[in-house]
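Given the coordinates of chain A, work out where chain B should sit on it, guided by the hints.
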Amino acid sequence: MPKPRILSVKDGDVLLLVGTMKGAFLLRGRGRASSWEMGGPYFPGAAVYAMAYDDRAGRRRLWAATASMHWGSVLRTSDDFGRTWTDPKEANVRFPEDTGLTLSQIWQICPGRASEPDVLYCGVAPAALFESRDAGGSWRLVRGLFDHPHRPRWSPGGGGLCLHTILLHPTDRGRLLVAISTGGVYLTVDGGRTFRVSNRGIRADFLPDKHPEFGQCVHKVVRHPARPEQLFLQNHWGLYRSRDGGESWQDVANGVPSDFGFAMAAHPHDPDTVYIVPLESDGFRCVPEGKLRVYRTRDAGRSWRPLARGLPQENAYETVLRDALATDSRDPAGVYFGTRSGRVYGSRDEGASWKSIVDGLPPVVCVKAAVLAGKVGSRRAARRG
Amino acid sequence: MAVVVHLPGVLAPHAGGRSRVTLEAVPDVGAALAALFALHAGLRDRIQNERGELRPHVNVFVGSENVRDLNGLATRLPDGAELFILPAVSGG
Numbered sequence: 265m266p267k268p269r270i271l272s273v274k275d276g277d278v279l280l281l282v283g284t285m286k287g288a289f290l291l292r293g294r295g296r297a298s299s300w301e302m303g304g305p306y307f308p309g310a311a312v313y314a315m316a317y318d319d320r321a322g323r324r325r326l327w328a329a330t331a332s333m334h335w336g337s338v339l340r341t342s343d344d345f346g347r348t349w350t351d352p353k354e355a356n357v358r359f360p361e362d363t364g365l366t367l368s369q370i371w372q373i374c375p376g377r378a379s380e381p382d383v384l385y386c387g388v389a390p391a392a393l394f395e396s397r398d399a400g401g402s403w404r405l406v407r408g409l410f411d412h413p414h415r416p417r418w419s420p421g422g423g424g425l426c427l428h429t430i431l432l433h434p435t436d437r438g439r440l441l442v443a444i445s446t447g448g449v450y451l452t453v454d455g456g457r458t459f460r461v462s463n464r465g466i467r468a469d470f471l472p473d474k475h476p477e478f479g480q481c482v483h484k485v486v487r488h489p490a491r492p493e494q495l496f497l498q499n500h501w502g503l504y505r506s507r508d509g510g511e512s513w514q515d516v517a518n519g520v521p522s523d524f525g526f527a528m529a530a531h532p533h534d535p536d537t538v539y540i541v542p543l544e545s546d547g548f549r550c551v552p553e554g555k556l557r558v559y560r561t562r563d564a565g566r567s568w569r570p571l572a573r574g575l576p577q578e579n580a581y582e583t584v585l586r587d588a589l590a591t592d593s594r595d596p597a598g599v600y601f602g603t604r605s606g607r608v609y610g611s612r613d614e615g616a617s618w619k620s621i622v623d624g625l626p627p628v629v630c631v632k633a634a635v636l637a638g639k640v641g642s643r644r645a646a647r648r649g
Numbered sequence: 003m004a005v006v007v008h009l010p011g012v013l014a015p016h017a018g019g020r021s022r023v024t025l026e027a028v029p030d031v032g033a034a035l036a037a038l039f040a041l042h043a044g045l046r047d048r049i050q051n052e053r054g055e056l057r058p059h060v061n062v063f064v065g066s067e068n069v070r071d072l073n074g075l076a077t078r079l080p081d082g083a084e085l086f087i088l089p090a091v092s093g094g
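Line by line, the protein sequences are chains A and B. Heads up, the first sequence is in the numbering used here, so the first residue is 265 and it goes up one at a time. Heads up, the second sequence is in the numbering used here, so the first residue is 3 and it goes up one at a time.
Just chain A, with the same shape it has in the complex (with noise of 0.2 Å):
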């Protein structure tokens, strides 16, 4: 197996978590992130799809959920950027026995809100949320989900049967929404206790029913904390707005080449700014026309427009799957995203123009952007905030 190579990271540095099929990766942007420098590869030949940067009570914690075909999905951390790893002895996310089923795949890692620094949640397959309340040392089955009349009915997409989006309301500590593919938006407002479905308005081209209450293959669902009622939703087949926490949904795919995808991330400081990455057709799955092209509404969605320059446009078959694409907090915004050939692409500057990071990776599944100690950036996160 490769010895991972080991980063040295400062402050102010902008930090790639990057999970493939075959490992992760750390990418450190140096200063305003002109010069790339790349760790890893962590966990070879494993798959990651998880990953999250904890940084809440003074940590400096990297997350990865790895999944060996062999041997098990584990999550793992990293206090030293990499350098060691925990390898815990026994499968800290597990199902209990009484409900008979065995975990796939860790999907989504969470750090709670910054006012609860020992709470985390994940996602996985088969469709489940997780919880902790003592900073990942112990894991449970949110039974309010996992007890819910839908779930015998909820059935896999091409992933698998997957939680894969998890988001808590900023300021309410009772609420959180979390995304099935498939099975749709489920929201709870009582910490976890009950959820229900709230999928209205969101289609499901591929069911009789056209508006199922539940089935629903929602593919990403992202918000910004300073306008919580507001979100943004990308469907298989399908690109919402919700503006009332996600009670109901408007079809908001105003000048996009395709309504499908799986990519979808909120900037950090414009609530209504939203970036996503079309696909072509889900029978395709690439980007429309051979033109590698991320999607920016500034509006809420009342127009698209697409953010090319820097990034191939011709011959480009590319795929960014569902949590390959990530803003940074900088002002103004980095955006990211890893595509299934293994490349990685950056923009300093909002998506207005944009950079190859790297590429001959493994196929890309999970990017996710930090800046360390925050030292940078928020000026105007603090102005509209």
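Watch out, some of these pointers could steer you wrong.
Cβ-Cβ distance ranges computed for the label pairs, FRET-style [stated by the list, open to error]:
(1) A/267 - B/39: 29 to 37 Å
(2) B/8 - A/420: 34 to 42 Å
(3) A/351 - B/76: 26 to 34 Å
Rather than coming from a laboratory, the hints here were simulated on the basis of the structure. Computed from a predicted model, the values in this text were never measured in an experiment. Glycine residues also receive a C-beta, built at the ideal position from the N, C-alpha and C atoms.
For chain B alone, kept in the frame of chain A given last:
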């Protein structure tokens, strides 16, 4: 009645660095695995899932026979049997 379990290199760190473990008084494969996990708890969740089943891409051989082609975890172990735990030829 000794049985020798051979582990792949990737699992050796979870068995105190050993790639061979000798077990006594284990009448079948299930008992051998239980004894192995009692000695080296870190092996359990890598070889079995939450339901106590062999992970689908992990193979256990008694001699040259895959236990899936025999009697699974109930496969009897003769004295001196050798058990091989190996990753299946899976991946991409």
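Checked hints:
Between residue 267 of chain A and residue 39 of chain B the Cβ separation comes to about 30 Å, which falls inside the hinted range of 29 to 37 Å. Distance hint for residue 8 of chain B and residue 420 of chain A: a CB-CB separation of about 36 Å, consistent with the stated range 34 to 42 Å. At roughly 32 Å, the beta carbons of residue 351 of chain A and residue 76 of chain B sit within the given window of 26 to 34 Å.
Every hint from the earlier list agrees with this structure, and none is contradicted.
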